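There are 2 protein chains.
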Amino acid sequence: MNDPLKLLNGKPIACVGAGLVGAAWAIVYARAGCAVNLYDANPAVLASAPERILSQLGALHDHGLIDEPVDRIAARVRVAASLADAVAGARYVQESILERAELKRALLSEIEALDDGQLIVGSSTSGIPSSAFASGLRMAERVLVVHPVNPPSLIPLVELVPSPETSPDALAFARQLMLACRQSPITVNREIEGFVINRLQGVLLREAWAMVKDGVASVEDVDKGIRDGLGWRWAFMGPFETIDLNAVGGVADYAQRLGPLYQRIAASRDHADPWDDALIAEVEAQRRELLPRDQLVARAHWRDLRLMAFAKHLRSVEES
Amino acid sequence: MNDPLKLLNGKPIACVGAGLVGAAWAIVYARAGCAVNLYDANPAVLASAPERILSQLGALHDHGLIDEPVDRIAARVRVAASLADAVAGARYVQESILERAELKRALLSEIEALDDGQLIVGSSTSGIPSSAFASGLRMAERVLVVHPVNPPSLIPLVELVPSPETSPDALAFARQLMLACRQSPITVNREIEGFVINRLQGVLLREAWAMVKDGVASVEDVDKGIRDGLGWRWAFMGPFETIDLNAVGGVADYAQRLGPLYQRIAASRDHADPWDDALIAEVEAQRRELLPRDQLVARAHWRDLRLMAFAKHLRSVEES
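Quick mapping for you: the protein sequence lines, in order, are chains G and Z.
534 is the number of the first residue of the first sequence in the working numbering; add one for each residue after it.
534 is the number of the first residue of the second sequence in the working numbering; add one for each residue after it.
The shape of chain G in the complex, shown without the other chains:
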């Protein structure tokens, strides 16, 4: 199934929450050809969304990352007058509201009142398991986490996290929808803290902070270690494929030879200590030396341009 419209039975997708994440999701779905109903309970956020979407579509167009005229894609996004206007008749809801379980639960109760018995809801939450806000609802079997890396309009990875109540059909639908919209879905089989992505980032960050705390390396040098070293392979291969290709006999050969080293590294570190105030102040001071506070916004813009250039690079190598 590569046509999202077939999967959706011609129905629209409701994007509820039109902030940074919700607007980027609207682009993902509209770019793939879907009709999008966009809604936000905050009128100011909703009012600014179409212009933000147009601006981001323009940037994607300038980098050669969209194939259709910007206006044609933008025209697929309709600003809805109410939650009911957005959700009634939709096949799928992408929820991207504030990260508070009680708000999500309240929203789901409202959505349930509009449910035709088919509606599937994916939550963009980065950390709240959907059982925390969907459990006990009639539609709980059609709710799951559909967590993007920001912005999903640029970075393809999406974590699908079913709750114990989520049905296999709802999970399969979300997976097919992501594939049809050219995202890269992975399945997190259990509602584990941090899901997969933040766990991987989390262990790396903790070792990074610990090395700074111990005076082993500076913030700048740890960053170079990834940027100028490990990040080169991780830009197009995962860590398993990396080590699979780093030993003549593949990953088992690698694990036999280097497993003990990594075990010693892990055993040498107490991972449970928090980042204390002194360490946070030290890392903050080193970062502000490298990037003054008043340049944070400009650097974030630079990052977005680099992400688009990277996306274009991937397109060109994957097409060649």
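Where hints are given, some of them may not hold.
[What the hints assert, rightly or not] Chain Z stretches covered by chain G per the calculated footprint, using a threshold of three residues with CB under 8 Å from any CB of chain G:
no., segment
1, 540-548
2, 710-722
3, 729-735
4, 756-765
5, 791-802
If you are wondering where the hints come from, they were derived from the structure by calculation, not from laboratory data.
Remember, it's a predicted structure, so these values are computed and weren't measured experimentally.
Think of the CB as a built atom: it goes at the ideal place given N, C-alpha and C, for glycine as much as any other residue.
Fit chain Z to the given chain G structure using the hints.
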């Protein structure tokens, strides 16, 4: 100091060990304009080195990654007839022999007999602290680890790891030499197991293996999590810069908000368990499903092409 020849006082660099790593170092130094004396105690390895170097230079040329004719660079690499022929008169030795401390110690004893009192030795070792093979030698203060990511001819990151005996001058020389040869040196202030790079890779790998063991995610999905998600930013920013730009108030703001999450993630994992045989077999089986054993070599070649395409991408965005 951007001219390596001034730093070297016109003297050559001796690359001792001409396998994969040593040959790639010869390219790094010759490409920067240095005269290289290449030696390997194994005649077959030494005999094949010039052709391997030419072939790699050709690939770099084809990807637009070198600015001079291949032959002119290759002509700077001289195959030495003996260790003495390679080292006598050199300013710096890049040691890239087998990863065994006793072999490195024996080599250093031979090198010390040729030492003019100025010679500095950098070891390519990925895991042996130089104190394990240089301690007690007269020239110990001029020995340190200069550990590349493979191949250094492509990936710029180099870890400099002084031993307690290494002099500040020797460390500063190695750092200047790396910068002059367009590598990206970082300093590992203590001889910590795994240095910086392998510690970062190690904690990420251990969490990856643990998630597969627990059935949280498949090998393929963990890899996608990096390749299609986290790796996008780490391709051009380190983890500290990433989080510094991911909170309005910078890294301290981020740490206050998300530190507790990462602490809970860390606390939820016992890091000291080894990778057992059943787990290794499971990961191996999943990888062989994705990439049959007889395609490992072809895929490693694909990886090298992707690394070159990535290097070209970085060149183009950094020049624009």
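Inset, instruction - Mind listing which of the numbered hints don't hold for this structure, in increasing order? - result: Of the numbered hints, just 1 does not hold.
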